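Novice: Residue numbers (our numbering), protein chains in the order written: chain A, 25 to 402; chain B, 59 to 389; chain C, 207 to 483.
If you are wondering where the hints come from, they were derived from the structure by calculation, not from laboratory data. Only a predicted model underlies this, so the values are computations on that prediction, with no experimental measurement involved. Any given hint might turn out to be false.
[To be verified] Derived BS3-like pairs (lysine-lysine); straight-line CA-CA distance at most 27 Å:
{"id": "1", "chain 1": "C", "residue 1": "Lys-365", "chain 2": "C", "residue 2": "Lys-318"}
{"id": "2", "chain 1": "C", "residue 1": "Lys-365", "chain 2": "B", "residue 2": "Lys-170"}
{"id": "3", "chain 1": "B", "residue 1": "Lys-170", "chain 2": "C", "residue 2": "Lys-318"}
{"id": "4", "chain 1": "C", "residue 1": "Lys-341", "chain 2": "C", "residue 2": "Lys-365"}
{"id": "5", "chain 1": "B", "residue 1": "Lys-170", "chain 2": "C", "residue 2": "Lys-341"}
{"id": "6", "chain 1": "A", "residue 1": "Lys-350", "chain 2": "A", "residue 2": "Lys-169"}
{"id": "7", "chain 1": "B", "residue 1": "Lys-173", "chain 2": "B", "residue 2": "Lys-294"}
{"id": "8", "chain 1": "B", "residue 1": "Lys-294", "chain 2": "B", "residue 2": "Lys-170"}
[Claimed, not checked] Label-pair ranges, simulated between beta-carbon atoms:
{"id": "9", "chain 1": "A", "residue 1": "Gly-312", "chain 2": "C", "residue 2": "Pro-263", "range": "35 to 43 Å"}
{"id": "10", "chain 1": "B", "residue 1": "Val-103", "chain 2": "A", "residue 2": "Gly-219", "range": "18 to 26 Å"}
{"id": "11", "chain 1": "B", "residue 1": "Thr-73", "chain 2": "A", "residue 2": "Pro-205", "range": "42 to 50 Å"}
{"id": "12", "chain 1": "A", "residue 1": "Val-137", "chain 2": "B", "residue 2": "Leu-365", "range": "18 to 26 Å"}
{"id": "13", "chain 1": "B", "residue 1": "Cys-96", "chain 2": "A", "residue 2": "Gly-197", "range": "22 to 30 Å"}
{"id": "14", "chain 1": "A", "residue 1": "Gly-197", "chain 2": "B", "residue 2": "Ala-86", "range": "17 to 25 Å"}
{"id": "15", "chain 1": "A", "residue 1": "Val-250", "chain 2": "B", "residue 2": "Val-151", "range": "46 to 54 Å"}
{"id": "16", "chain 1": "A", "residue 1": "Ala-391", "chain 2": "B", "residue 2": "Glu-129", "range": "45 to 53 Å"}
[What the hints assert, rightly or not] If you want a taste of the chain C side facing chain B, the calculated C-beta under 7 Å gives, among others:
{"id": "17", "residue": "Ala-300"}
{"id": "18", "residue": "Ser-301"}
{"id": "19", "residue": "Gly-302"}
{"id": "20", "residue": "Phe-322"}
{"id": "21", "residue": "Ala-324"}
{"id": "22", "residue": "Leu-337"}
{"id": "23", "residue": "Thr-338"}
{"id": "24", "residue": "Lys-341"}
{"id": "25", "residue": "Leu-342"}
{"id": "26", "residue": "Arg-344"}
{"id": "27", "residue": "Ser-345"}
{"id": "28", "residue": "Arg-347"}
Yeah, the Cβ is synthetic: ideal placement off N, Cα and C, and Gly gets one too.
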Amino acid sequence: MTTLDLPTRQGTATPDRPPPSSAAPSSAAPRPPARPRRTRSLTREDVLALVGSVAASFSLVVIGYGHILDFSGILGFLVCWYVTFIAVYVVVLAISLPRAIVVERVVTAMLYVAAAIVLFALGTTIVYTIGQGWRALDHLNFFTKDMSAVAPSAPLSQGGIYHAIVGTVVEVGIAVAVSVPLGLGTAVFMTEVGGRGSQLVRTVVEAMTALPEILAGLFVYAVLIVEFGMAKSGIAVAIAMAVTMTPIVARAGEVALRVVPGGLRDACGALGASHWKTVWKVVLPTAGPGLVTAVILAIARGIGETAVVLICANASNFLTYEPIGKPMNSLPLFIYTMYITHEPNAIDRAFGAASVLLFMVLALFVAARLLVRERKVR
Amino acid sequence: MTVTAHPEVVPRQLTTTHAASDRIFHGAARTVGLFVLCMTGAIGVFLGYQSIPTLRHYGLHFFTQTQWQPELDHIGIAAVLVGTVEVALVALVVGFPFAFMVALFVSDYAPKRAKSWLVSAIDLMAAVPSIIYGLWGFYLLMPRATEVARWLSEYLSFIPIFKVNTDAHAAVWQQSRYTSSVFIAGLTVSMMTIPLACAVMRGVFDQAPAGEREAAMALGGTRWGAARMVVFPFAKGGIIGGTMLALGRALGETAAVLIIVSPDFTIKDRILEAGAQTTSALIAGNFGGATRAQLSALLTAGFVLFLITIIVNSAAAVVIRRSRSGALTEI
Amino acid sequence: MAMTEESATTARGAAFPLTTPGALEAVGISAWFSGTLVLTDVSLSVAPASVTALIGPSGCGKSTFLRILNRMHESIPGAQMAGEVYLDGKEIYASGYRITHARKQIGMVFQKPNPFPAMSIAENVTAGFALTSTKLSRSAREEVVETSLRQAHLWDEVKERLTRPGGALSGGQQQRLCIARALAVKPRVLLMDEPCSALDPTSTRRVEETIAELSPQLTIVIVTHNMQQAARVSHNTAFFLAEQGAPGGIVEQGPTHQIFSDPSDPRTADYVGGRFG
Numbered sequence: 025m026t027t028l029d030l031p032t033r034q035g036t037a038t039p040d041r042p043p044p045s046s047a048a049p050s051s052a053a054p055r056p057p058a059r060p061r062r063t064r065s066l067t068r069e070d071v072l073a074l075v076g077s078v079a080a081s082f083s084l085v086v087i088g089y090g091h092i093l094d095f096s097g098i099l100g101f102l103v104c105w106y107v108t109f110i111a112v113y114v115v116v117l118a119i120s121l122p123r124a125i126v127v128e129r130v131v132t133a134m135l136y137v138a139a140a141i142v143l144f145a146l147g148t149t150i151v152y153t154i155g156q157g158w159r160a161l162d163h164l165n166f167f168t169k170d171m172s173a174v175a176p177s178a179p180l181s182q183g184g185i186y187h188a189i190v191g192t193v194v195e196v197g198i199a200v201a202v203s204v205p206l207g208l209g210t211a212v213f214m215t216e217v218g219g220r221g222s223q224l225v226r227t228v229v230e231a232m233t234a235l236p237e238i239l240a241g242l243f244v245y246a247v248l249i250v251e252f253g254m255a256k257s258g259i260a261v262a263i264a265m266a267v268t269m270t271p272i273v274a275r276a277g278e279v280a281l282r283v284v285p286g287g288l289r290d291a292c293g294a295l296g297a298s299h300w301k302t303v304w305k306v307v308l309p310t311a312g313p314g315l316v317t318a319v320i321l322a323i324a325r326g327i328g329e330t331a332v333v334l335i336c337a338n339a340s341n342f343l344t345y346e347p348i349g350k351p352m353n354s355l356p357l358f359i360y361t362m363y364i365t366h367e368p369n370a371i372d373r374a375f376g377a378a379s380v381l382l383f384m385v386l387a388l389f390v391a392a393r394l395l396v397r398e399r400k401v402r
Numbered sequence: 059m060t061v062t063a064h065p066e067v068v069p070r071q072l073t074t075t076h077a078a079s080d081r082i083f084h085g086a087a088r089t090v091g092l093f094v095l096c097m098t099g100a101i102g103v104f105l106g107y108q109s110i111p112t113l114r115h116y117g118l119h120f121f122t123q124t125q126w127q128p129e130l131d132h133i134g135i136a137a138v139l140v141g142t143v144e145v146a147l148v149a150l151v152v153g154f155p156f157a158f159m160v161a162l163f164v165s166d167y168a169p170k171r172a173k174s175w176l177v178s179a180i181d182l183m184a185a186v187p188s189i190i191y192g193l194w195g196f197y198l199l200m201p202r203a204t205e206v207a208r209w210l211s212e213y214l215s216f217i218p219i220f221k222v223n224t225d226a227h228a229a230v231w232q233q234s235r236y237t238s239s240v241f242i243a244g245l246t247v248s249m250m251t252i253p254l255a256c257a258v259m260r261g262v263f264d265q266a267p268a269g270e271r272e273a274a275m276a277l278g279g280t281r282w283g284a285a286r287m288v289v290f291p292f293a294k295g296g297i298i299g300g301t302m303l304a305l306g307r308a309l310g311e312t313a314a315v316l317i318i319v320s321p322d323f324t325i326k327d328r329i330l331e332a333g334a335q336t337t338s339a340l341i342a343g344n345f346g347g348a349t350r351a352q353l354s355a356l357l358t359a360g361f362v363l364f365l366i367t368i369i370v371n372s373a374a375a376v377v378i379r380r381s382r383s384g385a386l387t388e389i
Numbered sequence: 207m208a209m210t211e212e213s214a215t216t217a218r219g220a221a222f223p224l225t226t227p228g229a230l231e232a233v234g235i236s237a238w239f240s241g242t243l244v245l246t247d248v249s250l251s252v253a254p255a256s257v258t259a260l261i262g263p264s265g266c267g268k269s270t271f272l273r274i275l276n277r278m279h280e281s282i283p284g285a286q287m288a289g290e291v292y293l294d295g296k297e298i299y300a301s302g303y304r305i306t307h308a309r310k311q312i313g314m315v316f317q318k319p320n321p322f323p324a325m326s327i328a329e330n331v332t333a334g335f336a337l338t339s340t341k342l343s344r345s346a347r348e349e350v351v352e353t354s355l356r357q358a359h360l361w362d363e364v365k366e367r368l369t370r371p372g373g374a375l376s377g378g379q380q381q382r383l384c385i386a387r388a389l390a391v392k393p394r395v396l397l398m399d400e401p402c403s404a405l406d407p408t409s410t411r412r413v414e415e416t417i418a419e420l421s422p423q424l425t426i427v428i429v430t431h432n433m434q435q436a437a438r439v440s441h442n443t444a445f446f447l448a449e450q451g452a453p454g455g456i457v458e459q460g461p462t463h464q465i466f467s468d469p470s471d472p473r474t475a476d477y478v479g480g481r482f483g
C-alpha cells in the first residue's frame with residue numbers, strides 16, 4: 025500500500041516552538057486572492073485503470089463473441105462485455121491496490137452501470153413510444169377527430185383520438201372531483217381530529233392504497249353495472265378510479281399535513297381560534313404545495329389505469345361529453361383495443377395515443393416538480 | 059406519584075365545550091373518515107360475500123383445478139395463482155438488485171447536483187402508465203429477450219425452470235416458443251417494481267444517521283465500507299418493506315401482463331416457455347362474456363388476489379414501522 | 207498542565223505496526239461553503255507529539271479548519287478549499303495521495319459521540335479494521351480492544367460487557383468509546399472537535415487525562431470552547447477570529463502559557479480575559 029513519491033517539504037518547526045503567527049486576516053499585505061482547489065478522490069491511475077479495463081474487455085468480447093458461447097444478439101454482447109469488464113477490472117486493480125479500495129472501485133463501477141441500465145430502460149420506453157407514435161401524431165386529424173365510421177386499420181389520415189382524450193379528461197375530472205374532497209377530508213380526520221377511529225382508518229387506508237386497480241374495477245362492475253344495471257359508461261369508470269385514488273390522496277395528504285409544525289396549531293389555539301378556523305386558515309394553506317403534489321400524483325396514477333377501463337367501459341368510436349348512460353372511450357382503452365387488432369395502422373394509432381398519454385403524465389410531473397421548487401424557495 | 063402530603067388533592071374533571079363550528083367540523087371529518095372506511099371495507103366484504111356461492115359449488119377443487127373452462131364447469135385458479143406468483147417473483151428477482159443498486163447510487167455515489175434529477179427520473183418511471191410498459195415489453199423487449207431466454211434454456215437447462223420444450227441447439231430455433239412467457243412478463247413488470255422499491259430504499263438510505271457515516275469515513279473507510287457498516291443495518295426495515303411493497307404491486311399488475319402473455323392454463327414450472335396466466339389477466343380477459351356464475355368465480359379469484367395483496371402489504375407496513383428506519387419513513 | 211502516570215499497558219504491537227507521532231503543517235488554507243469564503247489564509251505548524259488547542263468564538267472556522275486537516279471538509283456538498291496540508295512532509299491533497307490513506311493516519315473524534323449502535327462495544331473498537339478490510343487474529347483483536355479501551359480510560363467500566371451494543375452507554379462513555387475506536391487504528395495524528403462539549407465534568411476530566419497520557423505517542427489537535435481546558439491540556443494554542451462579516455483566520459498562535467499570560471495581540475488578550483466570546 026504505497027503512495028506516489030512526491031516532492032517533500034523540509035520540516036521547519038522545532039518540537040517546542042512553532043513559528044510565530046502568520047499574517048492576520050485583517051492586516052494582510054495584498055496577496056492574490058485564493059482560488060479553490062479541485063479535490064478529487066480519484067487519482068490518475070484510477071482513471072487509467074478504468075479506461076484500460078473497459079477497452080480491454082471490449083476487445084476481448086468483440087473477438088470472442090459468438091464463437092465461444094454461441095450467443096447472439098446485442099443483449100448478449102452487452103452482458104458478456106459487462107462480465108468481462110468486471111473480471112478485467114478486478115485483476116487490474118488488485119495488482120497495486122489494497123482490498124478495500126478494489127472493492128470500492130468495483131462497487132462504484134457496478135452501481136454506475138446499474139443506474140445507467142435503469143435510466144436507459146426508462147429512456148427507451150419514452151423514446152420508443154414517441155418514436156412509434158410519430159406516424160400518427162404527425163396528422164392533425166389525430167387530435168381533432170374521433171373514430172366514427174373509421175376502421176382501426178384505415179389509413180392514418182382518417183380518424184383520430186379526440187374522443188379518447190375527452191373521455192380521459194372527463195373521467196379523471198370526475199374522479200378527482202370525488203376523490204380529492206374525500207381523500208383530503210380523510211387526511212384531515214386522521215391528523216387533526218384523530219381519536220380512536222383514526223388508527224383504524226389509517227390502517228385501512230394504507231391497505232387500500234395497494235389495492236390492484238382491477239379489483240376496484242371488478243367491484244364497480246359487479247355492483248353497479250350488473251346489480252344496479254348501470255350502463256358501462258364514463259361515470260362507472262370515474263367511480264372505480266375514485267375508489268383507487270381516494271386512499272392515495274388520503275395517505276399523501278396525511279403526510280403533508282403531519283409535516284406542518286405543531287407550533288403553528290398551538291399559536292392559533294393561543295389566539296383563541298376554533299379548530300376549524302385553524303385548519304382552514306393556517307394548516308391547509310401551509311401544507312398547500314404538499315397537498316397539491318399529492319393530488320397531482322394521484323391524477324397521474326388515475327390517468328394510466330387500464331384495468332379499470334377494460335372492465336367498466338365500452339370502447340366506442342364516437343365522441344361524447346356525457347359521462348352518464350353513453351359509452352365513453354378513453355386513452356388506455358383506445359390503446360388496448362387498437363393493439364388487439366394487430367393491424368399496422370391500428371398499432372400506429374395505439375402508439376400515438378400512448379404518446380399523448382405519456383405527454384400528459386410528463387406534464388403533470390413537471391407541474392409537481394415546479395410546485396416543490398416553489399415551496400423550497402418560499 | 060407521592061400523594062402522602064396532601065391526600066385530599068384530587069385532579070379536576072375538565073369538560074371541553076367546543077365552538078359550534080368545531081362540532082360541525084369534527085362531525086363532518088368523522089363522517090368522511092367513516093365513509094372512506096366503509097367504502098374501502100365494502101370492497102373486501104363484497105368480494106368475500108360473492109365468493110361464497112362459488113366456493114360452495116366447487117369447494118376446494120377451486121384451488122386445485124388448473125383449467126378455466128366455464129362451459130364445461132371446470133373452473134379453478136391453481137394455474138392462475140401459480141402464474142401470478144411466478145411473474146411477481148421474476149419481477150422481484152430481476153428488480154431487487156437494480157432497485158437496491160440504484161437506490162444506493164442515488165443516495166451515496168451520484169454527483170450531488172444530479173441527485174434531484176435522478177430522484178425525479180425514478181418517480182417518473184413509477185408514474186408511467188403500465189399499458190405503455192406493456193407495449194414496450196411486447197414490441198421492443200420481447201424480440202431481444204427471447205434470445206436471452208434461448209441462451210438460458212440452452213446452457214442452464216439443468217435447472218428445471220429454465221427448460222423449454224424445444225430444441226435450443228437447432229440451427230434455426232423456434233423463437234415463438236420463447237415468447238409470451240412468464241420470464242418476459244416478469245421482466246416487463248419489473249419496470250414497475252424497480253422504481254417503487256427504489257424510492258422506498260433511497261428514502262431510508264438518505265436518513266441513515268450522518269454522524270455515524272462521518273465516523274466511518276473518518277476512520278478511513280470507503281463509501282462502500284461506510285454503507286455496509288452504517289447505512290445497511292439502519293435501512294434493513296426499509297429494504298425489506300420496499301421489496302414487499304413492490305411484490306404487492308407486481309401481484310396485481312394487469313395491463314402489461316395482459317398484453318404480453320398468451321393464456322395457458324397449466325401449472326407452468328418452466329418460466330422461459332411461451333404461455334402463462336395471472337389472476338388479474340384472467341379477470342380482465344374473461345369477464346366479458348361471463349354469466350352470473352362465471353362472474354362469481356372471477357370475483358372469487360379477485361377475492362383471493364385481494365387477500366394475498368392485503369397480507370403482503372400489511373406485512374410490509376409492519377416490517378417498516380417496527381424497524382429503526384421505520385419511524386422516519388413515509389411510504 | 208496536569209500529567210498523570212503512564213497507563214498500565216502499552217501496545218505490544220505484535221499484530222499491527224507501531225507508528226510515530228506525525229508532524230502536521232497547514233499552509234495558506236482557505237475554505238468556502240457554497241461560494242462564501244469562511245476561512246482565509248490560515249497557516250499552522252503542529253509539532254509531533256504535541257497538543258495544539260484551537261480556540262476562539264463560535265463560527266470563526268475552527269471546526270472547518272480541523273476538517274480540512276483530514277480531508278473531511280470536501281465531503282460536504284458545496285465545500286471547497288485552497289492551500290496545502292503536509293503530513294510528515296507529504297501533501298495529503300496531492301492527486302496521488304489516496305484520501306482513505308490520509309484519514310487512516312489522521313483520526314478524528316467528533317463533538318457528538320457517534321458509536322455504531324448495531325455493533326457491540328468490542329466491534330465498535332475494531333470498526334476501523336473492519337472498514338479497511340484488515341484482518342486481525344483473535345488474540346490481536348482482543349489485544350487491540352483492551353489496549354484502546356485502557357487508553358481511553360473506559361476498560362474498567364465495560365470489560366464485563368464487551369458484547370453489549372455500543373449505543374447502550376452514557377454520553378461520556380460513548381465519547382470515550384469513540385476515542386478508543388479512533389485510537390485502535392494507531393493514527394499519527396488525532397483531531398478532536400470539541401470532544402467534551404456534550405459531556406459532564408467527570409467525563410470531561412477523564413477525556414483530558416486521556417489526552418495527557420496519549421500525548422507522547424500521538425500528535426493531537428483539539429478544538430475547544432473551553433479556555434481553561436485549552437490551558438490545561440495543550441502545549442501550543444492558536445486563536446481564531448472572524449471579524450464582522452469577514453472570513454475567519456488565526457490572529458495569534460504560540461505556546462499556551464504565552465498566549466494566556468502574555469498575548470501579543472489585543473484581541474487575544476480580550477478573548478482570554480473573557481471580555482468577549
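Novice: Now tell me if each hint is right for this structure.
Specialist: Outcome of the hint check:
A hinted pair counts as satisfied when its Cα atoms are at most 27 Å apart, and C/Lys-365 with C/Lys-318 qualifies at roughly 23 Å. Only pairs whose Cα atoms come within 27 Å are accepted, and C/Lys-365 paired with B/Lys-170 is rejected, the gap being roughly 43 Å. About 25 Å separates the Cα atoms of B/Lys-170 and C/Lys-318, which keeps this hinted pair within 27 Å; it holds. About 23 Å separates the Cα atoms of C/Lys-341 and C/Lys-365, which keeps this hinted pair within 27 Å; it holds.
A C-alpha spacing of about 34 Å is found between B/Lys-170 and C/Lys-341, which places the hinted pair above 27 Å, so the restraint is violated. Using a Cα cut-off of 27 Å, the hinted pair A/Lys-350 and A/Lys-169 holds, with the two alpha carbons roughly 18 Å apart. Among the hinted pairs, B/Lys-173 with B/Lys-294 is consistent with the structure: their alpha-carbon atoms are about 22 Å apart, no more than 27 Å. Between the alpha carbons of B/Lys-294 and B/Lys-170 the distance comes to roughly 24 Å, so the proposed pair stays at or under 27 Å and holds.
In this structure, A/Gly-312 and C/Pro-263 meet the distance hint of 35 to 43 Å, their C-beta atoms being roughly 41 Å apart. Checked against the given bound of 18 to 26 Å, the beta carbons of B/Val-103 and A/Gly-219, roughly 24 Å apart, stay inside it. As the Cβ distance of B/Thr-73 to A/Pro-205 is approximately 32 Å, the hint placing it in 42 to 50 Å is violated. The beta-carbon spacing between A/Val-137 and B/Leu-365, approximately 39 Å, falls outside the hinted interval of 18 to 26 Å.
Checked against the hint of 22 to 30 Å, the pair B/Cys-96 and A/Gly-197 passes, with Cβ atoms roughly 25 Å apart. Here the CB-CB span from A/Gly-197 to B/Ala-86 is close to 24 Å, well matched to the stated 17 to 25 Å. Checking the proposed 46 to 54 Å range against A/Val-250 and B/Val-151 shows it is violated: the Cβ atoms sit about 39 Å from each other. Remark: the range hint 45 to 53 Å for A/Ala-391 to B/Glu-129 is upheld by a beta-carbon distance near 50 Å.
For C/Ala-300, the shortest C-beta to C-beta distance to chain B is roughly 18 Å, which exceeds 7 Å, and the interface hint is violated. For C/Ser-301, the interface hint is violated, the least distance from its beta-carbon to any beta-carbon of chain B being 18 Å, above 7 Å. For the restraint placing C/Gly-302 at the interface with chain B, the shortest Cβ-Cβ distance is roughly 17 Å, beyond the 7 Å limit, so the hint is violated. Look at C/Phe-322: its Cβ gets to within about 6 Å of chain B, closer than 7 Å, so that hint holds up.
For C/Ala-324, the interface hint holds, since its Cβ comes within 7 Å of a Cβ in chain B; the closest pair sits about 4 Å apart. Because the beta carbon of C/Leu-337 sits about 3 Å from the nearest beta carbon in chain B, less than 7 Å, this interface hint is met. A hinted interface residue such as C/Thr-338 counts as satisfied when its beta carbon comes closer than 7 Å to some beta carbon of chain B; here the least separation is about 6 Å, so the hint holds. A distance limit of 7 Å between C-beta atoms decides the matter here; for C/Lys-341 the minimum to chain B is near 14 Å, and the interface restraint is violated.
With its C-beta approaching chain B no nearer than about 14 Å, C/Leu-342 sits outside the 7 Å limit, and its interface hint is violated. The closest approach between the C-beta of C/Arg-344 and any C-beta of chain B is roughly 21 Å, which is over the 7 Å cut-off, so the hint fails. For C/Ser-345, the shortest C-beta to C-beta distance to chain B is roughly 22 Å, which exceeds 7 Å, and the interface hint is violated. Annotation: C/Arg-347 was flagged as interfacial toward chain B, and the flag is violated, the nearest CB pair being 16 Å apart, outside 7 Å.
The structure fails to meet hints 2, 5, 11, 12, 15, 17, 18, 19, 24, 25, 26, 27 and 28 from the earlier list, while all remaining hints are met.
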